[in-house]
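These are the residues of each chain, in order.
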Amino acid sequence: MKHRIVLDLSELPQHGWDSASPTWWGTLAFELIEGTGFALAIAVYLYLYSLAPAWPLDAPPPDLGPGTWLTAVLLISVIPNVLVSKWAREEKVGRVRIGMIVMSVFGIAPLVLRAYEFPAMHISWDTNAYGSVVWILLGLHTTHIITDLGDTLVLGALMFTRHGHNRRRLGDVMDNALYWNFVVVTWLAIYGCIYWIPRL
Amino acid sequence: MAGIVRRTANPLLRLLLIAAATMALPACEREERTLRLAPPVASALDGVRLMPIGIGGAPPEVYSALEKPFASNAYDLSQGKRLYNWMGCPQCHGDGQGRSGPPLLDGWWQYGPDVVSVFVTIRDGRPGGMPSFRDKLTTEQIWQLTGYIQTLGAYSAKTAAPSRDDGPQTRPAENRAPAAALFDKFPEIR
Amino acid sequence: MRQGSRAAASVLPALLCAGCAGAQSAFDTGGAQALGLARLMIFIMAVCAAVWLAVMAALAFALWRRRQEATEPLAIDARRQRRMSLVVGGSVAATVVIIGLFTVTSFWVTRSLWAGDRDAVKIDMRGYQWWWQVTYRDGNQAFTTANEIHVPVGRLVRIRLTADDVIHSFWVPSLTGKQDLIPGRTNEVSFVAERPGVYRGQCAEFCGLQHARMAMQVIAQSPQDYDAWRQSQLAPAAKPSDPEQVFGEQVFLSKPCAACHTVRGTSATAQLGPDLTHVASRSTIAAGVLETTRGSLAAWIADPQTIKPGNNMPMVALSPDELNAISAYMASLK
Amino acid sequence: MTSEAIPLDVRDRAIDDDTLRARLAKTWATPRGLWGALTTVDHKIIARRYLVTAFIFLALGGILAVLMRLQLARPESRVLGPDFYNQIFTMHGSNMMFLFAVPVMEAMGVYLVPLMVGTRNIAFPRLNAFSYWMYLAGGITLWLSFALNMGPDVGWFAYVPLSGPEYGAGKRADFWAQMITFTEVAALAVAVEIVVTVFKQRAPGMSLNRIPLFVWSMLVTSFLVIMAMPAIMIASSTLIMDRLVGTHFYNPAEGGDVLLWQHLFWFFGHPEVYIIFLPAVGMVSSMVPTFARRPIFGYLPLVLALVATGILAFGLWVHHMFVTGLPRVGESFFTASSMSIAVPAGIQIFCWIATLWDGKPVFKTPLLFVLAFLFTFIIGGMTGVMVASVPFDTQVHDTYFVVAHFHYVLIGGAVFPLMGAVYYWFPKFTGRLMSERLGRWVVGLVFVGFNLTFFPMHILGFEGMPRRVYTYQHDVPWAALNLFVSLSSIVLTAGFLLFFIDAIRSARRGVAAGDNPWGAATLEWATASPPPPYNFAHIPVVDDANPLWSAPETLTVAGGLRVDRRELVVTSVAEARPEARESSPANSIWPLLTALATTVMLIWSIFSPWAVVWGSIPIAIALTGWFWPKGTPEDEA
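Residue numbers (my numbering), protein chains in the order written: chain A, 46 to 245; chain B, 5 to 194; chain C, 9 to 342; chain D, 675 to 1311.
Hints listed in this document are in silico derivations from the structure and should not be mistaken for laboratory results. Hints may be right or wrong, so weigh each one.
What the hints assert, rightly or not - Chain D stretches covered by chain B per the calculated footprint, using a threshold of three residues with CB under 8 Å from any CB of chain B: (1) 818–827; (2) 844–858; (3) 917–923.
Heads up, the beta-carbon is just placed ideally off N, CA and C, and yes, glycines get one too.
Bound-form chain A, shown alone (with noise of 0.2 Å):
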């Protein structure tokens, strides 16, 4: 077929931010999946809790302590998260260095935390089907944190090399602190089940 050249690209970006990048919107299809990975979770959740005659099976509520802790960091996480952010849109690369420094702590802090909070149940995986399930939540959510903890470290690392000062990278900075906030909004809906659910 011939070939008519009716419409001129050149003067478009290499790269577009948030919904011009299809990396933004892979990111929003992961989450979707993550999303729906957390919410059958809870499902599963309140599925054995509708069966069961008494709920927690066999233990008492969770202690708050830890997982309100955990609840606490993970808030105040957005702020620095969306500073990073802000930053990376305004391409303040020295800036989004130091915020990707303290997200990383952001990162670790809640997996110490989470240390404790397993404890805390009161209850081991392998004694009943409510051991089993908060464990699998807690452990769901842990392994996002770990992965995007990774992901904070890999990039911010970048962020020192000559890669840092490319609007890609910066882009990448912005998904990875979206996706930090997924991370955060799908523990609240798992504190709420597994901290206060049993003490309805």
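Following the hints, put chains B, C and D in place on chain A, whose structure we already have.
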């Protein structure tokens, strides 16, 4: 298999076939389901020779010839676990942690860990309350139970060891080596 | 392709007729529940068949209409497009009406399946790999049997379904639809047999190695016969009469047999296998695998793993004399 | 870096056509040899691999089906024992669903969607490569376990407790569950790629109302994958955990529940059917207008029907559980929702018939497959309405009636269109046409063989024959029909054999096809057959739903892209207005390495929970290598 290997001229291919076969055979053995044991084999398997002191001995030749069946076959082990429950073993031995009878989980057994000892203990009973199961189980079933008892007392789990039951749980299942979690390596001699 | 459909068309009616009869057929009904179901099924199938024929006719006509092939893409005629929209819209509306009709009818038939709270025969059924334990809790005396249910004609039968190991499914198509037996749950199924006879059923949920050989019989009999049967089942096992049977009883009690089976009136009380108190009164053994005869009992005891590989009955080493005696004893347990 | 810094000669407008094609071919090429094969990210090469692999699995699954028919041909047959038979029917179902049907449909999407929307590669091409390696590893895992007598024997649905820790001895069920993980990872990856490709990489001007129907169907399918597959991932992971580390999700004695498995499985399992079926109707909607020589009738209702099917798919799962004793009011709701799926199905059928009615049909092999599809699938749809009725279902559930029903839906409803699609798009895949003469034989044999094989199974179901039985006894009257079915399956097998022969022969010696052998209307036909590595020398610009029919001689295109890096156009979601000249990643070995690391972790985790910890480290390293910029022009922004 051997025939194929011999007929294959290409040395590399032959090597690959041998490698595949060595990998495959343990897997086959572990998952094979022998649903019907030929009667001559079954009766030959009964011929254990026990040491005069009643501890240890030699298994029948057919046991070695079959490359220790029942010891690491997943199906036999799970059948052994079912027999453990069906034959009322928990009445005395509990979930393996012992009750009126001695614990089996710690692997620290009065008559030793040898297969022949365990087999004879189940078949003939022992003084002090262990009844004979000669009239309740077939030889094949006693061997299945023997294999299972050995996984029960093992400090490192076999991959073929049974998983948990769909019942109330009191201890980790055999595939998680409960002995290692519940007992010291050298428990007190009872 | 047209040849193919013609070939199919000539075979189909013949095949359809075959579905009407048989020991385990949904259309060979023996009671109100199955009859209601069969009627519903025929109704839905008839409507569906008519719809299918109509659609096929429309398709055939659509293809027939303009047989001269065109290569240049055709233009769209707006007026015809509107007419087509009307026809397609109408067809969709008809679809909605038909499925609405099906939904309402289905709901109505489902309700009728569970109707009736008359004086029911109460039976507990427990699924095992791969046989059925049947316990009659009717009246003040309970008794246990296996793989065979006797019911009085005309009386509601209510069966409580539980499972010991994995999921099984109770299904006697000539009497009613199926219902699962699920570990940790209790289900219920009820039916009335209105015609005396033997109805075959079979486990309908895959349950492992011998799922294929997990059948049962429902025997519907007159209330008098049923009562007689009931009385005979309540009685303990018949005492062996001749020396061979006496020897057989000894063998039974001293060999692994007694470790799994019960024969009421003897020292054998184990519950792992089917209750054998009246095993010879049942028409089949091994969950419908063999007809009950002395010979088949001997064959089964001699080599259960060849007849039903993987089932939980082990091959017990017996001498020929012992085997003879034990099968004689079993055959005497009427 | 800004656009001014780039020398002008690397822009497509500045060079003549031959130079442009040469430069693009160099930029987008897959290197020759093994390294190129392992590192390629070309969607066409990966899709071809996917297709070939999937059809190999189809052939293997077909052999299993033949073995089953051999065993069931006569009562009390001892050709296969119960243990082997159970492995075979489990393998057949799992293989056909997870290793053939879903991947083959996604492969068609991976090949065709970028071409149909007029872009140069799929979004996230490295993820695409990773997806194929994961799929291959999962398939090999399953078949290797079968070859080693560790094949799963618990049914493709793996109901607990039979598949659970107590009754599923050995590692058989674990291999099944882990194969699920492999194929689901692969399917999810492809779904994300397709969603983003359709949303962001459509040719300028291809607004929502101009998207080809096959692309719409792949979009809806991808959303179904995204929403449904997590359910089976959770189910299979919890099953492995129950078996390996003693969790109690499915243990009723410790607060778990047996039916929980069925809810999770069918929440995935029912959409799964539409994941297979929707691409097939997309193919039909592509082929019907081409051979009716008329634009499709009812584009908007067809799109809405696809979307409606996708939404309804999540509201039907309980109709697989009508005999488990759930509350009867709830069951009636699911009767209504299950039957309502007949409405979108009906809309599509009526629209196709209307298109044919108003067109002048050209009876080539693809259209014959469409007709075979209509004949067969409508029967399957009717029986689907039947099993949606609770009382009807109590009689036919888990019988051969259901076996017949879903083979009518899956073979009649999905494989027939797929085979038609292979005949239709084969020239685009290979540059050569398949044989029209053999094609007619294939349609005839497969159509007749299929109906003769599967129609009698409806009756066997009414006669009380349950599914998944390795044999049946003399006292039930099923022998004659079973023999008939087994004999008929020879015809069906012959049809499939001929299909494979035709495909293999035509790939080497078929008639050269040219760009657009069928005179079709969509963009994949606007480029060479097979397309060059860069798909289009210029990105097309679209102003019609049937661009090749509205302007048959010249293709309106866009200019201004760089040719020294892999560049394509990103457009807005609704209107497809150009937003950016985005780069597309170059070839890379990291997807393969990541897939290898993931494979080691997944297989290891069947045997030890610690695999999840230690096995993740190589994966993390591989992912870092994958992500780390290599300083190529594609990294520029």
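Here's how the hints hold up against the structure:
1. Restraint check on the stretch 818–827 of chain D versus chain B: 4 residues with Cβ-Cβ distances below 8 Å, three needed, restraint holds.
2. Note: the stretch 844–858 of chain D has 3 residues with beta-carbon separation from chain B under 8 Å; the three-residue rule is met and the coverage holds.
3. Under the rule that three or more residues need a Cβ within less than 8 Å of chain B, the assignment of the stretch 917–923 of chain D holds, with 5 such residues.
In the structure shown, no violation is registered for any of the earlier numbered hints.
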